[in-house]
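Q: From first to last, the protein sequence lines stand for chains A and B. If you count by the numbering used here, then the first sequence holds residues 1 to 117, one letter each, in order. If you count by the numbering used here, then the second sequence holds residues 118 to 228, one letter each, in order.
Simulated from the structure, these hints should not be mistaken for lab results. There could be a bad hint or two in this list.
Pulled a few chain A residues facing chain B out of the computed Cβ check, cut under 10 Å [stated by the list, open to error]:
1) Q6
2) Q37
3) K40
4) A92
5) F108
FRET-style restraints, in silico, Cβ to Cβ [claimed, not checked]:
6) N57/A to F211/B: 20 to 26 Å
7) T225/B to V12/A: 18 to 24 Å
8) G199/B to K41/A: 20 to 26 Å
9) G157/B to S72/A: 20 to 26 Å
10) E132/B to K40/A: 20 to 26 Å
11) P61/A to D184/B: 17 to 23 Å
12) I130/B to N17/A: 31 to 37 Å
13) E52/A to Q119/B: 23 to 29 Å
14) N213/B to V12/A: 34 to 40 Å
15) A195/B to L73/A: 24 to 30 Å
16) L136/B to K53/A: 38 to 44 Å
Quick caveat, the model's predicted, so the values are computed rather than measured. We put the beta carbon where it would ideally sit given N, CA and C, even for glycine.
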Amino acid sequence: DTEVTQTPKHLVMGMTNKKSLKCEQHMGHRAMYWYKQKAKKPPELMFVYSYEKLSINESVPSRFSPECPNSSLLNLHLHALQPEDSALYLCASSQDGQGALSYNEQFFGPGTRLTVL
Amino acid sequence: TQLLEQSPQFLSIQEGENLTVYCNSSSVFSSLQWYRQEPGEGPVLLVTVVTGGEVKKLKRLTFQFGDARKDSSLHITAAQPGDTGLYLCAGDDFGNEKLTFGTGTRLTIIP
Numbered sequence: 001d002t003e004v005t006q007t008p009k010h011l012v013m014g015m016t017n018k019k020s021l022k023c024e025q026h027m028g029h030r031a032m033y034w035y036k037q038k039a040k041k042p043p044e045l046m047f048v049y050s051y052e053k054l055s056i057n058e059s060v061p062s063r064f065s066p067e068c069p070n071s072s073l074l075n076l077h078l079h080a081l082q083p084e085d086s087a088l089y090l091c092a093s094s095q096d097g098q099g100a101l102s103y104n105e106q107f108f109g110p111g112t113r114l115t116v117l
Numbered sequence: 118t119q120l121l122e123q124s125p126q127f128l129s130i131q132e133g134e135n136l137t138v139y140c141n142s143s144s145v146f147s148s149l150q151w152y153r154q155e156p157g158e159g160p161v162l163l164v165t166v167v168t169g170g171e172v173k174k175l176k177r178l179t180f181q182f183g184d185a186r187k188d189s190s191l192h193i194t195a196a197q198p199g200d201t202g203l204y205l206c207a208g209d210d211f212g213n214e215k216l217t218f219g220t221g222t223r224l225t226i227i228p
């Protein structure tokens with residue numbers, strides 16, 4: 001299984017709602033990532049989990065809250081978002097974000113298209 | 118701050134033509150990945166190049182890593198409409214958990 005799955009595919013939410021994005025991989029990867037991508041731009045890194053611990057937070061506003069329940073799952077909890085948070089949210093995984101391998105080869109999920117009204 | 122500049126930014130060519138996309142930096146990378154992304158979907162990994170001067174082929178796509186590991190190119194032979202998409206290069210900094218993404222090349226192949 002070389003797939004990263006994400007649910008839901010599409011999400012529309014109001015600024016007062018609470019929702020969660022989910023990501024799953026069964027490749028035995030130990031690093032997982034959340035990215036935000038605006039139209040016609042490259043992905044922007046938000047968070048990195050390495051061996052189930054948060055290792056990088058790219059100064060993301062607290063209305064985004066990541067969670068890694070186990071090595072296969074990654075969640076992104078959303079609360080009180082703003083319309084400018086509308087974007088494609090991508091999850092990715094890699095075998096080992098640092099150290100064991102000489103390179104960081106990341107595999108992406110299909111993304112969640114988020115619209116904040 | 119590491120930067121990866123891709124050129125051209127946009128490219129629209131006829132089916133059957135050849136093209137080359139460039140990914141350039143002043144920084145050295147331990148490896149470089151190339152991805153293709155279709156609208157509304159996640160990037161799909163095409164190839165990883167690791168060794169300076171390395172050339173890898175994937176059907177009609179040829180990828181090359183510069184000798185100094187600061188740049189890379191993607192050459193497509195006899196482009197087909199299925200090659201349409203956003204091409205992204207991404208550099209890995211010696212085990213750093215962060216990838217540096219290129220600015221992207223949006224390719225359109227006209228049937």
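Q: Quick check: which numbered hints come out false for this structure?
A: 7, 11, 12, 15
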